[in-house]
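Undergrad: Let chain A serve as the given structure and place chain B on it in line with the hints.
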Amino acid sequence: MAEAAKSASNDYSIPELMTVAMARVLGEREDGKLGGVGAAAVVPMAAARLAALTTAPNLWWFCGGASGLNPTFDRLPKSSADPRAALGSTGKKNMLDVVDMGITGGWDWGFNGGLQIDMYGNINMIGIGTYPQLKVRGPGTVGTIWTGTLRRPYLYTMHHASRVLVEKCDYISGPGYISGGTSRWDKVQNTTDGPQLLFSPMAILDFDPDSKRMRLKSVHPGYSADDVQKNTGFELVMPASVPMTAAPTAEELFVLRRHVDRDGVLKNVRATIG
Amino acid sequence: MAEPRSKVVSLDEAGRMIAQHKVISLAGSHSVNSPMALIRAAIRNGATGLTIIPPVTTAIAADLMIAAGCVDTFYLSYIGFETLGFAPGFRAAVESGKLKVIEGDEPFVLLGTRAAAGGWPFIPVPAGVYDGTDLPRLNPLLKKIKDPHTGADCYAIPALHADCCILHAQECDELGNAQFWGGNNQEPDKAAAAKTVIISTERIVSIDHTRKHVDRVTLPGHKVAAVVHAPYGAHPTASPGVYGADEPHLKIYFDAVRKGETKSYLDRFVAPKTQAEYLDQVGLETLFALQENA
Chain A
1 MAEAAKSASN DYSIPELMTV AMARVLGERE DGKLGGVGAA AVVPMAAARL AALTTAPNLW
61 WFCGGASGLN PTFDRLPKSS ADPRAALGST GKKNMLDVVD MGITGGWDWG FNGGLQIDMY
121 GNINMIGIGT YPQLKVRGPG TVGTIWTGTL RRPYLYTMHH ASRVLVEKCD YISGPGYISG
181 GTSRWDKVQN TTDGPQLLFS PMAILDFDPD SKRMRLKSVH PGYSADDVQK NTGFELVMPA
241 SVPMTAAPTA EELFVLRRHV DRDGVLKNVR ATIG
Chain B
1 MAEPRSKVVS LDEAGRMIAQ HKVISLAGSH SVNSPMALIR AAIRNGATGL TIIPPVTTAI
61 AADLMIAAGC VDTFYLSYIG FETLGFAPGF RAAVESGKLK VIEGDEPFVL LGTRAAAGGW
121 PFIPVPAGVY DGTDLPRLNP LLKKIKDPHT GADCYAIPAL HADCCILHAQ ECDELGNAQF
181 WGGNNQEPDK AAAAKTVIIS TERIVSIDHT RKHVDRVTLP GHKVAAVVHA PYGAHPTASP
241 GVYGADEPHL KIYFDAVRKG ETKSYLDRFV APKTQAEYLD QVGLETLFAL QENA
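Residue numbers (my numbering), protein chains in the order written: chain A, 1 to 274; chain B, 1 to 294.
If we strip away everything but chain A, and leave its shape as in the complex, we get:
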């Protein structure tokens, strides 16, 4: 690897574009619903904060390690475990609440990433190679297990590459559509919908309604559908025409930079292609 992902424009960074794209989706689909972001998740954290200020004023969101609900920070911390990530919260959840709600299906939406993400939206945080002496030891499953109980899991990665987006995960720590079709619901609670979208530095992807295989939904400015396919480790379902992800508007960037990320953290978050 790893060429740093570049925006087609000097006007915004790729993590800023991803943040805005996520915030729009939260507005379209999750306003009034309760969800959360994990700890090493600076982009989804910024997106939830931006959505609460713009597209989803009724959003309920839980901010990972610092455990605040609906925090109102304007200086985006790099980690949701940073105590400053709980600034201005309207409530807190302790870790036992988080786990209780994970098991009972209390979370409407959430963002998860992985060391590997496969064509059916399964996530691997365990590792690559033969267990136990893995070739690449991953950081551990942590809360990715909840992709099996979240009503609508959203996936993201900051690295769009064939080694990350693989045909089949070496291990599954967060269930997506397992082996496609209806196989997910043989394993997990049938009250959940499975992964909705994947946000990457190159594109937004969704899943074919029947086969549950990953499908290209829109390509970020500066990249083509072919670029996306070349950097993906399996054949994507390819619609006849693939639209471009709408670039952030001046107003979206204004709110993001003045009220969510005054220190410009999202300008320096690492995003890579290949």
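Accuracy of the hints is not assured; some may be wrong.
In silico lysine-lysine, DSS-like type, Cα no more than 30 Å apart, as pairs [as the list claims (entries may be wrong)]:
1) Lys168(A) with Lys273(B)
2) Lys267(A) with Lys217(A)
3) Lys187(A) with Lys100(B)
4) Lys93(A) with Lys195(B)
5) Lys92(A) with Lys33(A)
6) Lys7(B) with Lys212(B)
7) Lys212(B) with Lys92(A)
8) Lys263(B) with Lys135(A)
9) Lys93(A) with Lys223(B)
10) Lys143(B) with Lys187(A)
11) Lys259(B) with Lys267(A)
12) Lys259(B) with Lys135(A)
13) Lys135(A) with Lys22(B)
14) Lys22(B) with Lys168(A)
15) Lys100(B) with Lys212(B)
16) Lys187(A) with Lys259(B)
17) Lys135(A) with Lys92(A)
18) Lys143(B) with Lys168(A)
19) Lys267(A) with Lys251(B)
20) Lys146(B) with Lys187(A)
21) Lys212(B) with Lys93(A)
22) Lys273(B) with Lys22(B)
23) Lys135(A) with Lys100(B)
24) Lys22(B) with Lys7(B)
25) Lys135(A) with Lys187(A)
26) Lys144(B) with Lys135(A)
27) Lys251(B) with Lys135(A)
28) Lys135(A) with Lys98(B)
29) Lys92(A) with Lys223(B)
30) Lys143(B) with Lys135(A)
31) Lys143(B) with Lys93(A)
32) Lys143(B) with Lys22(B)
33) Lys251(B) with Lys273(B)
34) Lys273(B) with Lys223(B)
35) Lys98(B) with Lys168(A)
Output of the computed footprint for chain A on chain B, the stretches with three or more beta carbons under 8 Å from beta carbons of chain A [said to hold, decoys possible]:
36) 30 to 40
37) 181 to 189
One side only, chain A facing chain B, incomplete, derived with CB under 8 Å [said to hold, decoys possible]:
38) Ala81
39) Asp82
40) Asn94
To be clear, the hints were calculated from the coordinates, so they are not data collected in a lab. The beta carbon of each residue, even a glycine, is placed where N, CA and C say it ideally should be.
TA: What follows is chain B alone, placed relative to chain A:
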């Protein structure tokens, strides 16, 4: 009239106490509120063959003990340095076959601790929580059982008991009544699930101070065996409300271990015998600046 006995001991004495145990548990999250001074003291005092039960997310706290060669077995939920990358000591130890990992996750570590805290032999969770994953295949401690009431399949998460729980508090009195600011409250169960508890603290406060702020006392001190006064005792992790995480220092650690230069880090930052000598190594300018990011 009689006075209660103070539990305050030196950092070195606490290190000796910790090193006598085998199963050590920790709280804190990621790079926040890890009991780093106690960990360094335990390493100096020859802690070896340890089993670590960490919080659901950890970074340098567990990684330093692993990199220093003190750990045999690690209960995993998540260990990593977030934006810096994978935990280098952990990764090297697993990939070279030196560390046994119990492949857990958030509910495994948290509910296992809850079970031990409450005296429950195990906690069952619906099979659907794990059936879509490889964890039951990789973790033999996740045993499938039948719900005796409904016949439904469940997985039994075993009670995770510790010998000694080590914690860093923002304020603590000499009897061990402790305040943990920030975080997500993993400390009380971690303490209850351990035979003994050792606390380091930014400030040792008077018992009158505890009485005045009793609604902020997270952990009553009855189970606490020792209290250590360790200003900046969470450094290089953050101490909520007191100082932020020292990101450049975390990077120094991360780079040293990744390059196989763990010894140079240990010589410089773990070898100093007192907290004052350690803080000399870090430097006052750095320590003052970290207060701005609390």
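Undergrad: Next step is simple, just say for each hint if it's right about the structure.
TA: Structure-based check of each hint:
no.	hint	result
1	Lys168(A) with Lys273(B)	50 Å, violated
2	Lys267(A) with Lys217(A)	25 Å, holds
3	Lys187(A) with Lys100(B)	28 Å, holds
4	Lys93(A) with Lys195(B)	27 Å, holds
5	Lys92(A) with Lys33(A)	17 Å, holds
6	Lys7(B) with Lys212(B)	20 Å, holds
7	Lys212(B) with Lys92(A)	23 Å, holds
8	Lys263(B) with Lys135(A)	24 Å, holds
9	Lys93(A) with Lys223(B)	25 Å, holds
10	Lys143(B) with Lys187(A)	16 Å, holds
11	Lys259(B) with Lys267(A)	28 Å, holds
12	Lys259(B) with Lys135(A)	17 Å, holds
13	Lys135(A) with Lys22(B)	28 Å, holds
14	Lys22(B) with Lys168(A)	39 Å, violated
15	Lys100(B) with Lys212(B)	46 Å, violated
16	Lys187(A) with Lys259(B)	42 Å, violated
17	Lys135(A) with Lys92(A)	39 Å, violated
18	Lys143(B) with Lys168(A)	26 Å, holds
19	Lys267(A) with Lys251(B)	20 Å, holds
20	Lys146(B) with Lys187(A)	16 Å, holds
21	Lys212(B) with Lys93(A)	25 Å, holds
22	Lys273(B) with Lys22(B)	22 Å, holds
23	Lys135(A) with Lys100(B)	15 Å, holds
24	Lys22(B) with Lys7(B)	22 Å, holds
25	Lys135(A) with Lys187(A)	28 Å, holds
26	Lys144(B) with Lys135(A)	29 Å, holds
27	Lys251(B) with Lys135(A)	24 Å, holds
28	Lys135(A) with Lys98(B)	14 Å, holds
29	Lys92(A) with Lys223(B)	26 Å, holds
30	Lys143(B) with Lys135(A)	27 Å, holds
31	Lys143(B) with Lys93(A)	29 Å, holds
32	Lys143(B) with Lys22(B)	25 Å, holds
33	Lys251(B) with Lys273(B)	23 Å, holds
34	Lys273(B) with Lys223(B)	27 Å, holds
35	Lys98(B) with Lys168(A)	28 Å, holds
36	30 to 40	holds (count 3)
37	181 to 189	holds (count 7)
38	Ala81	4 Å, holds
39	Asp82	7 Å, holds
40	Asn94	4 Å, holds
The earlier numbered hints that this structure contradicts are 1, 14, 15, 16, 17.
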